[in-house]
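J.: Take a look at the letters that make up each chain.
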Amino acid sequence: MREKGNDLRGSSQSYDIVIIGGGPAGLAAAVSARESGIESILILERDKELGGILNQCIHNGFGLHTFQEELTGPEYADRFIQKVNDLKIEYRLNTMVMDISPDRRVTAMNRTDGMFVIRAGAVILAMGCRERARGALNIPGYRPAGIFSAGTAQRLVNREGYMPGREVVILGSGDIGLIMARRMTLEGAKVKAVAELMPYSGGLKRNIVQCLDDYGIPLKLSHTVVDIRGKERVEGVTLAQVDENGRPVPGTEEYYPCDTLLLSVGLIPENELSRGMGVGINPVTSGPVVNESLETNIPGVFACGNVLHVHDLVDYVSKEAAAAGRNAAAYVQSLSGESSFVRGTDSGITLEAESGVRYTVPSVIRPAYMEDSLTVRFRVGGVYRNCYVSVYFDGERVIHRMRPVMAPGEMEEIVLKKEQLLQYPSLKTVRFTVEEV
Amino acid sequence: METKNLTCINCPMGCSITVKMDGGRIVSITGNTCKRGEDYAGKELTNPTRIVTTTVKVTGGQSNTVSVKTGKDIPKEKIFDCVRELKNVQVQAPVRIGDVVASDIAGTGVDVVATGNVERTGVDVAEAGNV
Ligand SMILES: Cc1cc2nc3c(=O)[nH]c(=O)nc-3n(C[C@H](O)[C@H](O)[C@H](O)COP(=O)(O)OP(=O)(O)OC[C@H]3O[C@@H](n4cnc5c(N)ncnc54)[C@H](O)[C@@H]3O)c2cc1C
Ligand code: SF4
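As you go down the protein sequences, you meet chains A and B in turn.
Once you know that position 201 of the first sequence is 242 in the working numbering, the rest is easy, because the numbers rise by one and skip nothing.
Once you know that position 7 of the second sequence is 162 in the working numbering, the rest is easy, because the numbers rise by one and skip nothing.
By construction, these hints were calculated from the structure, which means they are not laboratory data.
Watch out, some of these pointers could steer you wrong.
Derived PhoX-like pairs (lysine-lysine); straight-line CA-CA distance at most 25 angstroms [said to hold, decoys possible]:
#  : chain 1 : residue 1 : chain 2 : residue 2
1  : A       : Lys261    : B       : Lys159
2  : B       : Lys231    : A       : Lys246
3  : A       : Lys231    : B       : Lys242
4  : A       : Lys233    : B       : Lys233
5  : A       : Lys231    : B       : Lys175
6  : B       : Lys242    : A       : Lys233
7  : B       : Lys212    : B       : Lys242
8  : A       : Lys246    : B       : Lys227
9  : B       : Lys198    : A       : Lys233
10 : A       : Lys246    : B       : Lys242
Okay, the calculated bits of chain A under chain B, using three or more residues with CB under 8 angstroms as the criterion [to be verified]:
#  : segment
11 : 125 to 134
12 : 200 to 210
13 : 234 to 247
14 : 250 to 259
Note that the Cβ used here is the ideal one computed from N, Cα and C, for glycine as well.
Pulled out of the complex, with its shape left as it was, chain B reads as follows (with noise of 0.2 angstroms):
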């Protein structure tokens, strides 16, 4: 029988959790506070995914980039070749928390959406706020 150590990411707790395993076949999965941890674990172990966050060129607004993430967790394996095709996206000014910025990242069925807001040039952005 094989033991893994793992650290639960989460949540903050960071859980040390240990998972028996006998030939590939989850035995028991010990050490997780809450059952998110035991799921992390036998995902962890099968199919890690991450959640990617990143930055992509925008043309026409009054930031050069704005801030994206990947809409759900992605496999750990194609974290690289997402950054890489996002090198290539540009969007256009103005671009919303939402707004969706490349669909089917890297043959993942997964959308990336914009995590911040950007402005048009030439659009005045308030000095003051609600006054």
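Chain A on its own, in the form it takes in the complex (with noise of 0.2 angstroms):
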């Protein structure tokens, strides 16, 4: 263990691993970067705990897959902090990170050591996501009190104990959208409807059934918020249906008193660190580009979790996360001699996502750098019953499996096997796509 572990000041600490936000994302590459030999491992967090934005979110239906029972938030988080300290892995918690340098200096700042810069071996970007803002809400006039981000809500109702109304109306049907519509429904309030612009929900299936159809909350598809009374306060929202546009059919517009708008209308992934290190971003995630070891363009920097694309499981972030932890630790130890992992100035294969498949991450395989296997996630562009997921390689359809339902709200994986890749020396393109029966 370090001796002077306490005292980041001056520009002299140097660890080989630095991770960025101490959400699962982050706990988790920390976990598999120490099991897989590093010992010199920095977290750094800028809110009072480890642990993210499960902290918030109280409901089950964490970990179905990581731990075979359905665990709440603050439970899943939990798990994963104790494996940190049990591995005494080192965190800082109250600590922002204000900027990140090319080669790989952070720069970041708390009550206790001011501002200090640590060198980093290799940094894991883990910020997470934030809510888009209710400026993504095209409604003109006033802006009175009462509307809230759905994520807002829930730190006040859940972290703050704080009901922040009792007359509900949601716009966008994204999950924290569902749950809160419960959340408020269970503490009192009543939720009079869920509007979503889509035809479809951006939110799981089994949240519809069991925070709206449960209290017969109705959820109007196709629908928006054409006008908010109140100046002071919310006293009431106009819904409209719309069109194949997204434009507001005149004369359907229904007006619903209320004292409270919740938004969610999306995340987005938080990458202003990233953007102002020169971190290559892909427009349609807003994440980074990253490779099959989920490094971004600038060498020994990586990323996992919802500051790479959002997901709406925590498994598949603890996963994802996981292999930047053990990637990066093959990255340090590359440095040191200790490992084969160099980053190839060759270009790799390239991964395109075609007619239905909207992404993909990673969007570029080197096979050489490749484990065994790699789990490709994506997201679809709208609802697909009964269709297939085709992969090519070049021309040759190589993967075709087919899917019952297919929604945006649900990331879909497909695991591509290196022995395959190997055998196809001259491959240039991965194309993922939908293809109906």
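Put the complex together from the two separate chains, hints included.
T.: Here it is in structure tokens:
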């Protein structure tokens, strides 16, 4: 263990791996990096505790895959926090990372150490995501009190024991909105409707059943808020149906008296730091472009979890982050000559997303650096029933998998085998596409 | 014969399950991918249950509330009774994950346990760990 671990002042400190963010992604990455043999690891977290967004997600439904039991968010986080403590991995709380330079100098700040700089052998980006601002809303007029993002309402109710309102309309059917519809109902509020612009919900089906259907809360698909009434405080909102182009259909307006409007209009990866250091960003995911090692265009800088692309299931976050931790460990070990992980200048095989598949993570594969198998994660752009996910190696279809249902709200995955890729030495592109029967 | 369509909530697959019933008796269950879906459908049509999560008040702690859950799923019609009873529950810090905060909630025979940790006020919470 580090003797002077407490004193981060001065720019002499260095760690093999510095992890930005102590949510489930940062924690799982730290654990797997340590299990891969890296001693010197530091997690930097701006909040007053580890666990990230899970601390406010008090509902159950986490860890079905990882632990085969249904945990709540704080319980799931605690499993990983315990591991971090058992493995004696160093972390700093209330510590905000301000800047990362392309040569991996991490500038951070907290009350104890002030501003300090740490040199990192490898950096793992695990900053999670934030909610889309209400500016994303296209509603003219006043901005009265009583409009909250669903995540803010979740924090107020679950962490601070404060109810933001009594009569609620929710715009957007993402999981946070659905979860909050139930939560506020249980706390005695009347949730009048959930309006969703798209003709399908952005949330998990199980949440529509457990959070809306159970309580008789109507889900109004292809609807949006066209007017908000109230000057000081919200007094009501008008919902209207929208056409295929998302434009309100005149004559379909319906007025709902309410004192609160919750917005659950989506999450975006938090990549200000990544952009600042020159990490290339995929415009579809708003997350870094990464290769098979979850490494960005900057050598030694890795990304995982919601900062890479928005996940609906924390189990997948933990798995992805564990891979990033292993890869970062291999990177550090290669610098010291302990492993053969060398970032090739070869450009690798490009993964392309087509007809129905919106994106893939990763977007480049260099088979030589790949583990025996690689999970490619992606989302589709619409609802598909009884369709195939097909994977083409250049012109040849090599994977053709039936999916009974696919929806934008649920992440899909396909596993590629290294063996299989190595059989195609001159392969240039791997295409992912949805095919009808 | 009556046909009911359900969505299994046991995992994110959310399978669409079709149940054929004849006078309250289940004749067939189709559409589920695994056994859990069959069990869910059977239960959902006879005795639907849910795990309930909420928060209870904490005194003398660094947070005023702690998150809790029912240790097992309880009948759906007891959800509101359960939450109402928990409004009157107050626990003393420190609270640890797994601590029982109320037993036999709403007469269901099920205990309610903490799902978060709350330290006592005055206890210094480390700003750094494992240094
Ligand atoms: C409301 C809601 C409901 C959900 N429901 C479920 C569910 O039922 N089941 C399920 O499996 N999954 C669910 N999820 C998904 C799951 O919780 C997330 O995918 C997961 O938490 C993402 O982990 P992360 O570590 O990438 O991000 P986060 O948990 O957001 O962690 C990121 C951390 O980085 C820190 N950070 C950011 N910037 C900086 C900086 N500059 N310096 C220092 N620290 C920084 C943040 O403070 C935060 O702690 C839900 C998510 C939400 C938001
Ligand atoms: S039937 Fe099985 S696979 Fe389908 S949603 Fe239920 S638990 Fe999941």
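J.: Hints first: check each against the structure and report whether it holds.
T.: How the hints compare with the structure:
| no. | hint | verdict |
| --- | --- | --- |
| 1 | Lys261(A) - Lys159(B) | holds (22 angstroms) |
| 2 | Lys231(B) - Lys246(A) | holds (18 angstroms) |
| 3 | Lys231(A) - Lys242(B) | holds (18 angstroms) |
| 4 | Lys233(A) - Lys233(B) | holds (22 angstroms) |
| 5 | Lys231(A) - Lys175(B) | violated (34 angstroms) |
| 6 | Lys242(B) - Lys233(A) | holds (23 angstroms) |
| 7 | Lys212(B) - Lys242(B) | holds (8 angstroms) |
| 8 | Lys246(A) - Lys227(B) | holds (22 angstroms) |
| 9 | Lys198(B) - Lys233(A) | violated (29 angstroms) |
| 10 | Lys246(A) - Lys242(B) | violated (29 angstroms) |
| 11 | 125 to 134 | holds (count 8) |
| 12 | 200 to 210 | holds (count 3) |
| 13 | 234 to 247 | holds (count 3) |
| 14 | 250 to 259 | holds (count 3) |
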